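Undergrad: Use the sequences and the hints to build the structure in full.
There are 2 protein chains.
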Amino acid sequence: MDFENRIQIKDTPKWVGKEVLLAGWAYRKRDHGKVSFVDLRDGSGVLQLVVTSGTKITGLEKNGWGLESVISVKGLVKERPAKLVNPELKTGNLEMEVKELEVVSATGEALPLDISKDIDKIHLDTLLNYRPLTLRSLKMQAIFKFSEKIESSYREFLKGDGFTEIHTPKIIPSATEGGANVFRVDYFGRDVFLAQSPQFYKQMMVGVFERVFEVGPVFRAEPHYTSRHLNEFTGLDAEIGFIRDEFDVMGKLEECIRYIAAQIEDEVKEEDRKILDFPSLRLPKGKIPYITLKEAIKVINKIKGRDEEALDLDTEGEKVLGQYAQNKFKSDFLFVTEYPVSIRPFYQMPTDDGKFTKSFDILFRGMELGTGAQRIHNPKMLTSNMQKHGLNPKDFKDYVNLFKFGMPPHGGWGLGLERFTKQWLGLDNIRLASLFPRDVKRVNP
Amino acid sequence: MDFENRIQIKDTPKWVGKEVLLAGWAYRKRDHGKVSFVDLRDGSGVLQLVVTSGTKITGLEKNGWGLESVISVKGLVKERPAKLVNPELKTGNLEMEVKELEVVSATGEALPLDISKDIDKIHLDTLLNYRPLTLRSLKMQAIFKFSEKIESSYREFLKGDGFTEIHTPKIIPSATEGGANVFRVDYFGRDVFLAQSPQFYKQMMVGVFERVFEVGPVFRAEPHYTSRHLNEFTGLDAEIGFIRDEFDVMGKLEECIRYIAAQIEDEVKEEDRKILDFPSLRLPKGKIPYITLKEAIKVINKIKGRDEEALDLDTEGEKVLGQYAQNKFKSDFLFVTEYPVSIRPFYQMPTDDGKFTKSFDILFRGMELGTGAQRIHNPKMLTSNMQKHGLNPKDFKDYVNLFKFGMPPHGGWGLGLERFTKQWLGLDNIRLASLFPRDVKRVNP
Numbered sequence: 001m002d003f004e005n006r007i008q009i010k011d012t013p014k015w016v017g018k019e020v021l022l023a024g025w026a027y028r029k030r031d032h033g034k035v036s037f038v039d040l041r042d043g044s045g046v047l048q049l050v051v052t053s054g055t056k057i058t059g060l061e062k063n064g065w066g067l068e069s070v071i072s073v074k075g076l077v078k079e080r081p082a083k084l085v086n087p088e089l090k091t092g093n094l095e096m097e098v099k100e101l102e103v104v105s106a107t108g109e110a111l112p113l114d115i116s117k118d119i120d121k122i123h124l125d126t127l128l129n130y131r132p133l134t135l136r137s138l139k140m141q142a143i144f145k146f147s148e149k150i151e152s153s154y155r156e157f158l159k160g161d162g163f164t165e166i167h168t169p170k171i172i173p174s175a176t177e178g179g180a181n182v183f184r185v186d187y188f189g190r191d192v193f194l195a196q197s198p199q200f201y202k203q204m205m206v207g208v209f210e211r212v213f214e215v216g217p218v219f220r221a222e223p224h225y226t227s228r229h230l231n232e233f234t235g236l237d238a239e240i241g242f243i244r245d246e247f248d249v250m251g252k253l254e255e256c257i258r259y260i261a262a263q264i265e266d267e268v269k270e271e272d273r274k275i276l277d278f279p280s281l282r283l284p285k286g287k288i289p290y291i292t293l294k295e296a297i298k299v300i301n302k303i304k305g306r307d308e309e310a311l312d313l314d315t316e317g318e319k320v321l322g323q324y325a326q327n328k329f330k331s332d333f334l335f336v337t338e339y340p341v342s343i344r345p346f347y348q349m350p351t352d353d354g355k356f357t358k359s360f361d362i363l364f365r366g367m368e369l370g371t372g373a374q375r376i377h378n379p380k381m382l383t384s385n386m387q388k389h390g391l392n393p394k395d396f397k398d399y400v401n402l403f404k405f406g407m408p409p410h411g412g413w414g415l416g417l418e419r420f421t422k423q424w425l426g427l428d429n430i431r432l433a434s435l436f437p438r439d440v441k442r443v444n445p
Numbered sequence: 001m002d003f004e005n006r007i008q009i010k011d012t013p014k015w016v017g018k019e020v021l022l023a024g025w026a027y028r029k030r031d032h033g034k035v036s037f038v039d040l041r042d043g044s045g046v047l048q049l050v051v052t053s054g055t056k057i058t059g060l061e062k063n064g065w066g067l068e069s070v071i072s073v074k075g076l077v078k079e080r081p082a083k084l085v086n087p088e089l090k091t092g093n094l095e096m097e098v099k100e101l102e103v104v105s106a107t108g109e110a111l112p113l114d115i116s117k118d119i120d121k122i123h124l125d126t127l128l129n130y131r132p133l134t135l136r137s138l139k140m141q142a143i144f145k146f147s148e149k150i151e152s153s154y155r156e157f158l159k160g161d162g163f164t165e166i167h168t169p170k171i172i173p174s175a176t177e178g179g180a181n182v183f184r185v186d187y188f189g190r191d192v193f194l195a196q197s198p199q200f201y202k203q204m205m206v207g208v209f210e211r212v213f214e215v216g217p218v219f220r221a222e223p224h225y226t227s228r229h230l231n232e233f234t235g236l237d238a239e240i241g242f243i244r245d246e247f248d249v250m251g252k253l254e255e256c257i258r259y260i261a262a263q264i265e266d267e268v269k270e271e272d273r274k275i276l277d278f279p280s281l282r283l284p285k286g287k288i289p290y291i292t293l294k295e296a297i298k299v300i301n302k303i304k305g306r307d308e309e310a311l312d313l314d315t316e317g318e319k320v321l322g323q324y325a326q327n328k329f330k331s332d333f334l335f336v337t338e339y340p341v342s343i344r345p346f347y348q349m350p351t352d353d354g355k356f357t358k359s360f361d362i363l364f365r366g367m368e369l370g371t372g373a374q375r376i377h378n379p380k381m382l383t384s385n386m387q388k389h390g391l392n393p394k395d396f397k398d399y400v401n402l403f404k405f406g407m408p409p410h411g412g413w414g415l416g417l418e419r420f421t422k423q424w425l426g427l428d429n430i431r432l433a434s435l436f437p438r439d440v441k442r443v444n445p
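Going down the list, the sequences are from chains A and B. Residue numbers for the first sequence follow the numbering used here, so the first one is 1 and each next one is one higher. Residue numbers for the second sequence follow the numbering used here, so the first one is 1 and each next one is one higher.
Any given hint could turn out to be false.
Repeated chains share a single entry, so a pair holds when one copy, or any two copies, can fit it.
Once the Cα atoms are required to be at most 30 Å apart in a straight line, the calculated DSSO-like pairs of lysine-lysine come out as [what the hints assert, rightly or not]:
{"hint": "1", "residue 1": "K294", "residue 2": "K56"}
{"hint": "2", "residue 1": "K397", "residue 2": "K121"}
{"hint": "3", "residue 1": "K388", "residue 2": "K62"}
{"hint": "4", "residue 1": "K159", "residue 2": "K18"}
Quick caveat, the hints were computed from the structure, so don't treat them as lab data. Source: prediction; values computed, not measured.
TA: As structure tokens, then:
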């Protein structure tokens, strides 16, 4: 069969009572003696095929087409009796009576996994080892359709708000934040690094376009092996010029999140919601609340009945704060502000007393979704701050020069797309929100 | 001054006769004794400011504000006399009579370059060394607004055609094409590589979503130092399932290019066209023409009056073919097909006689814009082809397994965004189409 006249499953409702050509994967199969029911999956949906002894089957491997074999079928599109409608599928009220079936690529009978049922019961490592297969399950598909929607709404909001989309280099001459946790690359015999964030470059671009954003890979050589860390993830970055302080950045980020929430609630398809079963976002009627780090630690100590002098939030602390934000503000999001200078990078703007930074983290259901701040835009303050952090301004010549070229007060944020998806959908592990996750132990597939 | 009530320059036409607050960079300055004319640039445009002895100037460095200093100004928006209208600016019919001027960040008088005029006369190396400054010129800005538009039209077309946007890993366990020219990364003590293309991963994703695309960085450790090579560029990739052959891929790519062309001709702003002065695309009335490699080499030999048995196209050959496509087909684009198996990667589908691949290059005004092909989807053919290319299928286990999970006939393409921009705008060097270009010699800024 030729694919020229092939239609996609999503279009079958227009062809009821007519013969069409479909092609896709054999997702499920139920043999009942003379008749077999095959759920055909293509890039647009799933449709039940009725294969009988009258169906003409062709193809080189016509006897070995197991699940996930690619087949093309010609037949009549029909409505199913009302009591047999499958409510889980968009085209669950239709089926095809197959006249001809061609086996295009047979898998034999030996797939390592049956992805059509109980994907949730498969062990995470197995899910990831067989990623090209397991991603085909409707549930995994729905996760990445969801994540694509977060990204496109993010882009749509920012473009609509005068931001320019940029691509900054991932190969950089020095470790962005001056810290460890960078991957070293052999670049024609010399050492360069993979960007931990587009930080310096997005700041440079504020001087050009005033408001910029980037969606791109971010590399972190952090040795953590947890359910919330990836060593390569998709960063959602933005940087804004002519702000008053970090609250302008937080305000813009809040607008952006509310836009994404509205788009997702609007547009995620019914059947995806059935498959994913995720809770709607809780956003407070007023503004997303904020709390200083100092207050946050007090709150955590009180709830946990302890008295620790924590310097920063840990995983457990973030969880407690997530619950606190739910109870007190009915909010899935919480800003934490006023991080001390000692635990934040050198380029964050200090408060007037020099103790804190004009920075924030944003927690989403008790997990850090991202971080942001006003940046230092005065070259003298910047070099003196670098020295305080034990860095040599000469190692960051191009960055330091930027501020001699005239920079306005500015700030921005960096979020992780995979964390956004994981927390929104309530996934157990961030690896499920990455197509081909990279962690300390895994670079395959 | 506070930025809260600041408006952007693009909005000044709504405020004629009223007092507003603007902020931006001092792009140009002309002193005429008691009165100075300052062109203020912000992220949205340029407006002339009239600064007189009556203007109250404040700010820490109020005497040292040279070009590119950040200033904020309060004053009256007025129409300029008809004969003084500046036709090169969108708001060239307006100016502001400045009452108050605050110097927010002064540059002093010592900028290394004047970017407001004759940017074309600045040497390429200087343009690139001072990228955070030179990108601010209206011409450089316009290049990247143009490039952003190519990208967004590319995305828009594919999303509208049922493609899913994906992000595949840039850290990969083995060299994609089995060749040299990959950068090695130290990944927690073991050697991994930077992806030369999303090739294997986009193929895996055809099994999931049928049609996918990716916009993301691509890394090539090619030692070429030319006006058309970058070692990191932005790839525009796509992959499509259920094709008949490479001509289906070429057909979809042509649709995509025609869509982008229509969007750009429609939407690139008047004033950007004045600044960039680029020729409109020439697309033939019928289909974009194609020519086999063998025929192409004959054409080149004939035009050049020589008789060489070239195996592939070189830079000069591509240029000659570009001219040939203009003359014969009135087309900026030309497909070259039927590349021999020996010079193409192992995963490209061979023709029935086994001599050629079902592949193509697409030339844009005499330069390779990208490449594409139908891929092998049969696991046995694939492993035997790998062996013919001297590769061990065991080194590509996850990729080989993919085809045991059932794959349809499929194919796709990879283009370079920077080449698209360079050729369309007629830029001399591809580095001008990359914000922060990376080449054999350059990783700064």
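Undergrad: If a hint holds in the structure, say so; if it does not, say that too.
TA: Hint check results:
1. K294 - K56: neither (73 Å within a copy, 42 Å between copies)
2. K397 - K121: between (53 Å within a copy, 25 Å between copies)
3. K388 - K62: So K388 and K62 pass the 30 Å test across copies only (29 Å; inside, 72 Å).
4. K159 - K18: between (44 Å within a copy, 28 Å between copies)
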